[in-house]
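Asks: Below are the chains, spelled out letter by letter.
2 protein chains.
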Amino acid sequence: MNKFIRIDMTSLGVKIEETPEKYAGLGGRALTSSFVADEVKPTCHALGKNNKLIFAPGLLSGTSAPNSGRISVGAKSPLTGTIKESNSGGSFSQKMARMGIKALVIEGMPANDKFYVININMNSVTIDEAPPEILGGTGNYKAIEILSAKYGEKVGIAIAGPAGEYRLPTANISFKDPEGNIRSAGRGGLGAVMGSKKIKAIVIDDTGAGQVPIADLEKFRAASKVFAQALMSHPVSGQGLATYGTDVLINILNEAGGLPSYNFTAGRIDHNDNISGETLNATITDRGGDGKVSHGCHPGCIIKCSQWYPDKEGKYITSGFEYETIWALGADSGIKDLDDIAYIDRAMDDIGVDSIEIAVAVATAMDGGLLTWGDGKAVLDAVKQIAIPTPLGRILGGGTAVVGKVCGLYRVPVVKDQGIPAYDPRPVKGIGLTYATGTMGADHTSGYCIAGNILNVGAKIDPLKKDGQIEYARAMQIGTAAVDSTGMCLFVYFGIADSPDGYQALIDMINAQYGLSLTAADVDKLGESVLKTERAFNKAAGFTNAHDRLPEFFEYEPCPPHNVVWDFTPEEIDEVYNF
Amino acid sequence: MNKFIRIDMTSLGVKIEETPEKYAGLGGRALTSSFVADEVKPTCHALGKNNKLIFAPGLLSGTSAPNSGRISVGAKSPLTGTIKESNSGGSFSQKMARMGIKALVIEGMPANDKFYVININMNSVTIDEAPPEILGGTGNYKAIEILSAKYGEKVGIAIAGPAGEYRLPTANISFKDPEGNIRSAGRGGLGAVMGSKKIKAIVIDDTGAGQVPIADLEKFRAASKVFAQALMSHPVSGQGLATYGTDVLINILNEAGGLPSYNFTAGRIDHNDNISGETLNATITDRGGDGKVSHGCHPGCIIKCSQWYPDKEGKYITSGFEYETIWALGADSGIKDLDDIAYIDRAMDDIGVDSIEIAVAVATAMDGGLLTWGDGKAVLDAVKQIAIPTPLGRILGGGTAVVGKVCGLYRVPVVKDQGIPAYDPRPVKGIGLTYATGTMGADHTSGYCIAGNILNVGAKIDPLKKDGQIEYARAMQIGTAAVDSTGMCLFVYFGIADSPDGYQALIDMINAQYGLSLTAADVDKLGESVLKTERAFNKAAGFTNAHDRLPEFFEYEPCPPHNVVWDFTPEEIDEVYNF
Chain A
11 MNKFIRIDMT SLGVKIEETP EKYAGLGGRA LTSSFVADEV KPTCHALGKN
61 NKLIFAPGLL SGTSAPNSGR ISVGAKSPLT GTIKESNSGG SFSQKMARMG
111 IKALVIEGMP ANDKFYVINI NMNSVTIDEA PPEILGGTGN YKAIEILSAK
161 YGEKVGIAIA GPAGEYRLPT ANISFKDPEG NIRSAGRGGL GAVMGSKKIK
211 AIVIDDTGAG QVPIADLEKF RAASKVFAQA LMSHPVSGQG LATYGTDVLI
261 NILNEAGGLP SYNFTAGRID HNDNISGETL NATITDRGGD GKVSHGCHPG
311 CIIKCSQWYP DKEGKYITSG FEYETIWALG ADSGIKDLDD IAYIDRAMDD
361 IGVDSIEIAV AVATAMDGGL LTWGDGKAVL DAVKQIAIPT PLGRILGGGT
411 AVVGKVCGLY RVPVVKDQGI PAYDPRPVKG IGLTYATGTM GADHTSGYCI
461 AGNILNVGAK IDPLKKDGQI EYARAMQIGT AAVDSTGMCL FVYFGIADSP
511 DGYQALIDMI NAQYGLSLTA ADVDKLGESV LKTERAFNKA AGFTNAHDRL
561 PEFFEYEPCP PHNVVWDFTP EEIDEVYNF
Chain B
11 MNKFIRIDMT SLGVKIEETP EKYAGLGGRA LTSSFVADEV KPTCHALGKN
61 NKLIFAPGLL SGTSAPNSGR ISVGAKSPLT GTIKESNSGG SFSQKMARMG
111 IKALVIEGMP ANDKFYVINI NMNSVTIDEA PPEILGGTGN YKAIEILSAK
161 YGEKVGIAIA GPAGEYRLPT ANISFKDPEG NIRSAGRGGL GAVMGSKKIK
211 AIVIDDTGAG QVPIADLEKF RAASKVFAQA LMSHPVSGQG LATYGTDVLI
261 NILNEAGGLP SYNFTAGRID HNDNISGETL NATITDRGGD GKVSHGCHPG
311 CIIKCSQWYP DKEGKYITSG FEYETIWALG ADSGIKDLDD IAYIDRAMDD
361 IGVDSIEIAV AVATAMDGGL LTWGDGKAVL DAVKQIAIPT PLGRILGGGT
411 AVVGKVCGLY RVPVVKDQGI PAYDPRPVKG IGLTYATGTM GADHTSGYCI
461 AGNILNVGAK IDPLKKDGQI EYARAMQIGT AAVDSTGMCL FVYFGIADSP
511 DGYQALIDMI NAQYGLSLTA ADVDKLGESV LKTERAFNKA AGFTNAHDRL
561 PEFFEYEPCP PHNVVWDFTP EEIDEVYNF
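Sequences listed follow chains A and B, in order.
The numbering of the first sequence is the numbering used here, which starts it at 11 and goes up by one.
The numbering of the second sequence is the numbering used here, which starts it at 11 and goes up by one.
So here's chain A without its partners, still in its complex pose:
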């Protein structure tokens, strides 16, 4: 895996180089963040010609290691202004890895207004003009169909939706999943960077590619088996997620009083039964669908958390229908009909926007009087306006911070201009530290302290107390940065947090593939190094400790039912990055 493809959109030129030596041992987030830190000027405009967009498979991607098919995408974020890595399922990562492509880099910006499709196969890399029928508001579902018909049903596809074409800071990059549906590198607006470079889509065809070379295949297979067992023997990754999807968290967080509701004015709702994972599962079961009730976001996934949600006639509405989206629309915006939420989720996937950012923006817009609490039909209409885009569509497409500005609000749940997701930091204090200090704005996946604060996985820490949270948030961010570099889905945490064998198996797989002898300490070192690289970039871009703060209202608006406020001092928060 040592091809390093550089595409210069200014000259429409392609260069295929050997991977620079310094990136040889890196994959996924470690690679994208190192590259961005090396080659992107921290103070550049994220939508200007000097930003660069990089796609990189993880260290284990393309192998038979379970759940190793995540693709990392990196750039300077147009939403937050920080460095950004966002990862996604789909088959893109595994195809890249099998084709020996360590990274795909997109630089520059064309002088004209045409959009292009990058076409990668074993023989060539070409820059084709984009077919007009996939442009100008065409949804991702339709565009993926057209591209698959043109380039082959089995190609991997990365696509910038209408929002990406319009360079909105909430635009994601979507990936075709094994069933032809949509997965996304959601957060941070990387679709806008792709749009700014006039790349509508990237198709990748690995026909003729061989296997990813494995230094010690026997050892790899043995470790892989132990790893799979660890995943399957944990009740969450082995059963809970497949049955209820991530939406299982609605009732758990509601019970804990940490389900942010009505734009973060409370931590519990009464209509939790309308939107819970249990209801989701029952609805899907009732409606039958076509047997795809739960499935994986990428080939090789054995957890299969993705829920395939059909309408009353059993016809597909959406998949990858996640807790955070359902929370933001159901609890934070008060929409009580799960079908309404499903149609909005589908629209967001189709337009190519981060479903967390848009849904949090919707709740904020409701608080600002721009939309009506709980009116799912109106929200669907408003979200669809992003694809036109109307002024209202542009406001929502601008994200939560923009909504806060144009509505004159102080209750704007963002950190570094990125919307705060589905766990209230007042009654779940650990996650608040992740939001505040994470290198990419508020992001639960950058250090999922819900595990030890709420789920009692890997740790058991009272979510209402500050004790132990700083060390925990630090460790979780370090560990996550390492996992994000392997190509592994974050949910492998359930297989490694409480299972020393599972954790060792993960390290063994890497060692077996690359002929290394890494230890757990090396993994920690990798995580620390990734975070330090990212933080140095942010510092050069103008970020200071003053940006590592939650919005002020958390400090003086108590969150019912526990009626607690956010009470970490600045000094305590700054301890998280003391390593």
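No wet-lab data here; the hints were simulated from the structure.
This list has only true hints and no planted wrong ones.
Which copy? The list can't say, so a pair holds if one copy fits it or any two copies do.
Straight-line C-alpha distance at most 27 Å; calculated DSS-like pairs for lysine-lysine: (1) 59 / 476; (2) 476 / 51; (3) 475 / 51; (4) 164 / 314; (5) 13 / 51; (6) 325 / 346; (7) 394 / 124; (8) 51 / 549.
Following the hints, complete the assembly by docking chain B onto the known chain A.
Replies: Here is chain B on its own, set in the frame of chain A:
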């Protein structure tokens, strides 16, 4: 002058205190910035309950010193996130000074949704409920009429327009001028802070107030006479400004190739004759009006630069019709009809928005395809939508940075999220340093390097070269911070820059009033101290040298006709604040 009035909008309480000793020698910007630095948490939300709004007359306000009637308003800015002082004409400052009020401070935030009017007179300070007929979209012209009828024709009025009620980050605070028209503390969104505290207006009635005490009246009068002569003997302040208004600069900047056009893609236009000061003057003269062709923004002004612009029937459209507004709509947005521009200017005053910020946002919106280049009628309609506000009105009311976000642009002319005004920094390099390093975002008035770069006043520096610009931008910012503390209009610079007698007379007036013996060195020290205070606040709020940069496109998009780029290095820029 030692009353320090504190109004707590949380409890609706009023406290009248003695001025704290530390503020005794301060006025205007020196006072507002010291106060904000002392009492406002730098990381607070500008629209939250912990921001404070302060009004302070200058050191010389209320006296017979020419042009000393500017009122300073300070707070943390909701537009930029920096500390902010904005000053305005009107009669508010002089009334405060004569009533012995050193400062008026507004703190807290009411729990309910009512708006209030603060009513200040010699007997009392009360918090009245606002009359409903001035709320909810009522324009400032009408509201001032209603308030004058209720509280007396001669009262001073500060008012937050519809934009302030909606807490839009472009909302200004408007002041009734001597003729009942509108002057504004325009930049930085202080009207939104006023709106967040639910203050619709402040009326001040100085009936019964005496004179401002002067320690040495004879010396004061003598100095005042010299100062007036210096102002009147300079061709710009003595004649040019009264005749053509500030719009005289259109032809000057166009000739210099530094008139930013079509969203900063060029520095010269062909239709300069449509919008020049010469045309403005001829139009006003042709249409007659009622003899108020030029007038002052506050009693005691002897420069009288404000142009009173009538329609074809000679009926008032707008006044305070300034170069920067005419530039942004006429050159930067390509609107070729001066009447169109006048009606838009009137609408902006009426709605209570910063006419620079909105007009720059308009040009940016045209670049982003949200409005059509040059379509003045459509712009008037769009601007009026801010008073409703529609989604489009909210976008424009969000300011240039918000427009840039929702249009996905990299060519967004802002520094610290404030729109860059009427002088292109590529061919006029001195002003670029002011934009980049000023403590309040891009603001020509914070260090008007146009004087020495273009007008040859006070200095003569080649605008196309870097030589001497760093020292000059530093000196201009220091001097301006001092002048902004006196209550003096910035145009007194024409009377002091090239006239040692005029400068000495300004210092003599302060000394005569307060019984001091300040020297020119003390004035510089005051200016430096103000800037250091402001910069320390900004640093604590999270600003670093990385924010002291112009937008990146200036570095790689050459500006015709000189085809120059912005070429100061970061290290050179950082030298400006090396004092």
